[in-house]
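J.: Use the sequences and the hints to build the structure in full.
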Amino acid sequence: MNPEKVVFGFFIVLALTLNFGFFVGEIDNPDHHHAWELFAVVVVNLITTILKFGDRTQMGAVLLATSLVAMLQLLAAVLVWTLAVHVSQAGMTPSIMASIVSLSGGAMIANVVSVVLLVIETVMLRR
Numbered sequence: 001m002n003p004e005k006v007v008f009g010f011f012i013v014l015a016l017t018l019n020f021g022f023f024v025g026e027i028d029n030p031d032h033h034h035a036w037e038l039f040a041v042v043v044v045n046l047i048t049t050i051l052k053f054g055d056r057t058q059m060g061a062v063l064l065a066t067s068l069v070a071m072l073q074l075l076a077a078v079l080v081w082t083l084a085v086h087v088s089q090a091g092m093t094p095s096i097m098a099s100i101v102s103l104s105g106g107a108m109i110a111n112v113v114s115v116v117l118l119v120i121e122t123v124m125l126r127r
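Just so we're aligned, residue 1 is where the sequence shown starts under our numbering, counting upward by one.
What the hints contain is simulated information worked out from the structure, not anything from laboratory work.
Positions of the beta carbon are idealized from the N, C-alpha and C atoms, including for glycine.
Hints may contain errors.
To be verified - Now the in silico label distances, taken between C-beta atoms and shown as ranges:
1. F20 to I120: 14 to 24 angstroms
2. W36 to I120: 29 to 39 angstroms
3. M92 to M59: 35 to 45 angstroms
4. F10 to E37: 12 to 22 angstroms
5. V24 to L125: 29 to 39 angstroms
6. V7 to I120: 13 to 23 angstroms
7. Q89 to G60: 41 to 51 angstroms
T.: Structure below.
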């Protein structure tokens, strides 16, 4: 068993599960989506992205691309949240929260693709 692969797989799956935890709930209810949970999702996705920089294969390039997509959408969600809370006069409205959760949903899809690709790569190594 390769410890590097274990850590790599751990962070990819953790990124997906944390993102799913933030995504679940009423889409427009701020009580169902906590800022610290979004922060944890961003941090774990950042770690996952950094880990993917070391792989020089075609599969590694696709995995890195999915991580970059997830990071882009999560950073957009953080930006929307920050602007809503600290700049906007209206504050956090249901429509803004729905936008934030939708952006995290897009990142979650990218994380699902990463996990599926990791499983496919693992199955291919066995043969």
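J.: Does the hinted range 35 to 45 angstroms hold for M92 and M59 at CB?
T.: holds (40 angstroms)
J.: Would you say the C-beta atoms of W36 and I120 sit inside 29 to 39 angstroms of each other?
T.: holds (33 angstroms)
J.: With respect to the beta-carbon atoms only, verify the hint that F20 and I120 lie 14 to 24 angstroms apart.
T.: holds (20 angstroms)
J.: For V7 and I120, compare the CB-CB distance with the range 13 to 23 angstroms and indicate the outcome.
T.: With Cβ atoms ~19 angstroms apart, the hint holds.
J.: I want to verify a distance hint. Is the separation of the beta carbons of V24 and L125 within 29 to 39 angstroms?
T.: For V24 and L125 the Cβ distance comes to about 32 angstroms; the hint holds.
J.: So does Q89 sit 41 to 51 angstroms from G60, Cβ to Cβ?
T.: With Cβ atoms ~46 angstroms apart, the hint holds.
J.: Using the Cβ atoms, figure out if F10 sits within 12 to 22 angstroms of E37.
T.: holds (19 angstroms)
The structure shown violates none of the earlier numbered hints.
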